[in-house]
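With the sequences and hints as input, model every part of the structure.
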Amino acid sequence: MSGELPYEIRFINRDEWEEAMGLAWKTFLEFEGDDYPPEGVRSFEDFITDSGLKRMFLTGVYQIMAAFCDGRMVGMISLRNQFHISLLFVDERYHRRGIGRALIRSLASYVMEQNGQKRLTVNASPYGAGFYHRLGFRDLGPRKEQDGIIFTPMVLNLGGK
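Taking the working numbering, the leading residue of the sequence shown gets 181, the next gets one more, and so forth.
Any given hint could turn out to be false.
Unchecked claim - The list that follows gives simulated cross-link-like pairs (lysine to aspartate or glutamate, DMTMM-like), each with its CA atoms no further than 20 Å apart: (1) Lys206 <-> Asp230; (2) Lys324 <-> Glu225; (3) Lys206 <-> Asp271; (4) Lys234 <-> Glu196; (5) Lys234 <-> Glu199; (6) Lys324 <-> Glu219; (7) Lys206 <-> Glu272; (8) Lys324 <-> Glu212; (9) Lys298 <-> Asp319; (10) Lys206 <-> Glu225; (11) Lys206 <-> Asp195; (12) Lys234 <-> Glu198; (13) Lys234 <-> Asp195; (14) Lys206 <-> Asp226; (15) Lys206 <-> Glu219; (16) Lys324 <-> Asp214; (17) Lys324 <-> Asp215; (18) Lys206 <-> Glu196.
Bear in mind the hints are in silico, worked out from the structure with no lab data behind them.
Okay, structure coming up:
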């Protein structure tokens with residue numbers, strides 16, 4: 181099952197929050213949970229279920245774009261601080277179909293056009309680091325661990341230096 185599919189990318193509405201966080205949690209457990217100590221799994225779950233994060237989303241401070249295929253959410257990406265990718269997850273059945281790349285492209289366009297930013301940053305998980313490198317992200321420093329979450333800080337320069 182390879183090749184790109186027809187899908188729509190758009191910002192989610194308030195009624196789609198639970199679906200987006202459910203997709204993040206399910207995909208995290210499938211692909212990343214085994215790479216983290218129990219503390220990291222708890223930290224991730226605490227993050228995506230935090231009522232403060234949801235309030236930030238509801239007020240527009242924390243934004244989420246999603247990819248929909250036949251009306252079903254198959255991928256999601258979130259933005260905080262106008263240029264930082266906070267979450268990026270694609271349903272396993274839709275991996276390697278260009279959805280993650282398209283989500284980053286859409287978010288990058290938004291960040292440049294609406295926020296006037298020239299970069300995207302991410303704290304890439306061990307599972308996602310290769311994907312981000314293939315898209316042109318570069319490491320900002322060595323791999324780190326904080327509250328059991330393992331990540332490599334990365335940046336992608338948009339539209340020049």
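Of the numbered hints stated previously, which ones are contradicted by the structure, given in increasing order? none
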